[in-house]
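Q: Heads up, the sequence shown is in our numbering, so the first residue is 1 and it goes up one at a time.
Derived from the structure by calculation, the hints contain no laboratory data. Be careful, since some hints might not be right.
[As the list claims (entries may be wrong)] Simulated restraints on C-beta separations:
| hint | residue 1 | residue 2 | range |
| --- | --- | --- | --- |
| 1 | 257 | 151 | 15 to 25 Å |
| 2 | 171 | 277 | 16 to 26 Å |
| 3 | 111 | 169 | 31 to 41 Å |
| 4 | 113 | 238 | 21 to 31 Å |
| 5 | 207 | 134 | 25 to 35 Å |
| 6 | 113 | 179 | 31 to 41 Å |
Quick reminder that beta carbons are idealized off the backbone N, C-alpha and C, glycines included.
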Amino acid sequence: MTRPRPRFVPLARHRPGPRLVPRPGPRPGLRPGPRLAAALFVAALAAVLPVAGPARAEGTGPRAMVLREALLGWEAVGRVELADGSYCTGTLIATDTVLTAAHCLFDAARGHAAFDPAAIRFRAGLRAGEAVAVRGVTAAAVDPAFEPAAAVSPARIRHDMALLRLDAPIPAATAAPFTVAALPPGATEVAVVSFAAGRDAALSIERGCAVTGRAAGLFAFDCHVSFGSSGAPVFDLSGRRARIVSIISAGDPDAAVPAAYGMDLSASIAALKRVLAAARPPGPAAAATLSAAGETRAGGARFLTPPTP
Numbered sequence: 001m002t003r004p005r006p007r008f009v010p011l012a013r014h015r016p017g018p019r020l021v022p023r024p025g026p027r028p029g030l031r032p033g034p035r036l037a038a039a040l041f042v043a044a045l046a047a048v049l050p051v052a053g054p055a056r057a058e059g060t061g062p063r064a065m066v067l068r069e070a071l072l073g074w075e076a077v078g079r080v081e082l083a084d085g086s087y088c089t090g091t092l093i094a095t096d097t098v099l100t101a102a103h104c105l106f107d108a109a110r111g112h113a114a115f116d117p118a119a120i121r122f123r124a125g126l127r128a129g130e131a132v133a134v135r136g137v138t139a140a141a142v143d144p145a146f147e148p149a150a151a152v153s154p155a156r157i158r159h160d161m162a163l164l165r166l167d168a169p170i171p172a173a174t175a176a177p178f179t180v181a182a183l184p185p186g187a188t189e190v191a192v193v194s195f196a197a198g199r200d201a202a203l204s205i206e207r208g209c210a211v212t213g214r215a216a217g218l219f220a221f222d223c224h225v226s227f228g229s230s231g232a233p234v235f236d237l238s239g240r241r242a243r244i245v246s247i248i249s250a251g252d253p254d255a256a257v258p259a260a261y262g263m264d265l266s267a268s269i270a271a272l273k274r275v276l277a278a279a280r281p282p283g284p285a286a287a288a289t290l291s292a293a294g295e296t297r298a299g300g301a302r303f304l305t306p307p308t309p
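Use the sequences and the hints to build the structure in full.
A: As structure tokens, this is what we get:
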């Protein structure tokens with residue numbers, strides 16, 4: 001069986017390694033002159049994100065959750081598998097709702113056309129190739145300010161969020177959803193749970209990522225991210241249970257110092273939830289056929305819903 005191909009993290013320069021499954025043809029998200037684009041992007045981001053925070057301890061990095069007990073409590077994080085064989089990371093924030101990155105839902109190889117939601121699969125708590133639950137998708141809501149064809153920039157990262165409605169809820173006893181919250185003002189460390197190239201068969205967790213910058217609705221972290229990490233949840237671990245404070249939108253897996261970027265979800269997630277809730281409930285699974293051509297807008301946001309049965 002062919003291994004799913006990891007989704008390109010915007011502005012990450014790709015240098016294939018022995019553990020990365022090659023992807024034929026042009027890579028979605030890769031633009032001409034990636035080094036120049038990356039330099040311009042970092043300069044723009046530096047203008048709004050002053051570098052701050054503690055240095056990373058040596059030897060830290062993602063740790064694979066290869067044992068079932070290691071996965072306990074993190075089952076709500078899963079792999080969002082797309083129609084072209086690529087994937088992103090997503091997280092349950094309700095029993096029937098997955099949070100991921102908006103850019104994951106558009107195919108750059110087809111002129112940034114939206115993927116058909118009916119062809120998307122969510123595999124929760126994937127470990128050793130086995131998921132605790134697998135669901136299809138019936139609708140997707142995207143931040144209305146997100147422009148899939150735009151160059152990666154601070155503005156694009158700020159709006160790079162989307163919600164997926166599953167075709168059936170995943171019981172909380174199987175995968176308990178996480179709450180979205182604001183990153184506390186004094187927080188200096190976060191954790192990231194993700195899939196990525198070379199570790200796509202099981203979730204990995206990276207604790208102790210430094211918050212290296214925060215301003216204008218954006219965050220910078222020194223987490224290790226790679227192809228497939230887009231949409232990965234960034235957690236605040238200071239409370240009794242982890243809370244999602246951001247998701248990974250962009251990064252550079254080849255940088256000498258790890259660099260990952262995300263947005264402040266707390267100001268926008270409520271509006272995005274309302275848009276998804278306003279979408280007409282899907283009909284029977286056999287009759288629910290979704291199409292990117294069925295894109296509509298409600299309350300200013302884009303979403304895809306099945307046609308009337």
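Q: Against each hint, give a clear statement of whether it holds in the structure.
A: Status of the hints after comparison with the structure:
{"no.": "1", "hint": "257 - 151: 15 to 25 Å", "verdict": "holds (23 Å)"}
{"no.": "2", "hint": "171 - 277: 16 to 26 Å", "verdict": "holds (20 Å)"}
{"no.": "3", "hint": "111 - 169: 31 to 41 Å", "verdict": "holds (34 Å)"}
{"no.": "4", "hint": "113 - 238: 21 to 31 Å", "verdict": "violated (41 Å)"}
{"no.": "5", "hint": "207 - 134: 25 to 35 Å", "verdict": "holds (28 Å)"}
{"no.": "6", "hint": "113 - 179: 31 to 41 Å", "verdict": "holds (33 Å)"}
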